[in-house]
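Undergrad: Protein chains in written order, with the working numbering: chain A, 101 to 210; chain B, 262 to 373.
All the pointers check out, no bait thrown in.
The calculated lysine-lysine pairs, modelled on DSBU-like cross-linking and capped at a C-alpha distance of 35 Å, are:
id, chain 1, residue 1, chain 2, residue 2
1, B, K338, A, K109
2, A, K170, B, K310
3, B, K313, B, K329
4, B, K310, A, K171
5, B, K313, A, K157
6, B, K317, B, K338
7, B, K365, A, K114
8, B, K365, B, K321
9, B, K317, A, K157
10, A, K171, B, K313
11, B, K310, B, K321
12, A, K171, B, K365
13, B, K365, B, K313
14, B, K321, A, K171
15, B, K329, B, K310
16, B, K365, A, K109
17, B, K310, A, K157
18, A, K157, A, K109
19, B, K365, A, K157
20, A, K170, B, K365
21, A, K157, A, K114
22, A, K157, B, K329
23, A, K171, A, K114
24, A, K109, B, K310
Hints in this document: simulated from the structure, not taken from any laboratory.
All of these numbers come straight from a predicted model, not from anything done at the bench.
One-letter residues, chain by chain:
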Amino acid sequence: NAGVTQTPKFRVLKTGQSMTLLCAQDMNHEYMYWYRQDPGMGLRLIHYSVGEGTTAKGEVPDGYNVSRLKKQNFLLGLESAAPSQTSVYFCASSQSYEQFFGPGTRLTVL
Amino acid sequence: GDSVTQMEGPVTLSEEAFLTINCTYTATGYPSLFWYVQYPGEGLQLLLKATKADDKGSNKGFEATYRKETTSFHLEKGSVQVSDSAVYFCALSAGGNNRLAFGKGNQVVVIP
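With the rest of the complex left out, here is chain A:
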């Protein structure tokens, strides 16, 4: 039972490049979330999903897109990376208010 996994763990991009972060959960949870964590800012919600095929905007959605084609996977895309998107990205899943987090992806945009 792996819980929530994220790939990759680390990534360095150049400005303007694109990439996709993958989140997978094996707990059959309906809800999934993408957050970013920045020093002094806590966790901010980027996008979330309430079930397969659904997505919704969170607090800081600009510059990101998401997809939830399968219940167990939630993808976060950056179409044209910017230095302001340098951050640690966390995925979480839940069936209630207790959220289960992945180990994070550290992304640097040069």
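Dock chain B against the given chain A, drawing on the hints supplied.
TA: Frame of chain A, contents of chain B only:
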């Protein structure tokens, strides 16, 4: 909107000292309240929770009481260990769809 405020700055203390981290909240309705902990290099994990006023959540020696009159949910531990060094986040249920609003977190460093 609903929000959580945590005390500013890191907390450094010696092993076996008493730990308090303050958390206050602003919310409409009656939110559930949580403390999450993030150990170095890891994601967040739930430490404890309380779902209604006067409830006390507890786990691993940590406690927090849901105080509606002071809109607070302060985290306490009577005797910290080096292994308690981590970042602690206060959170509340906000906006439906099981969403949480997080405070900015407090780094706790315990010195042997």
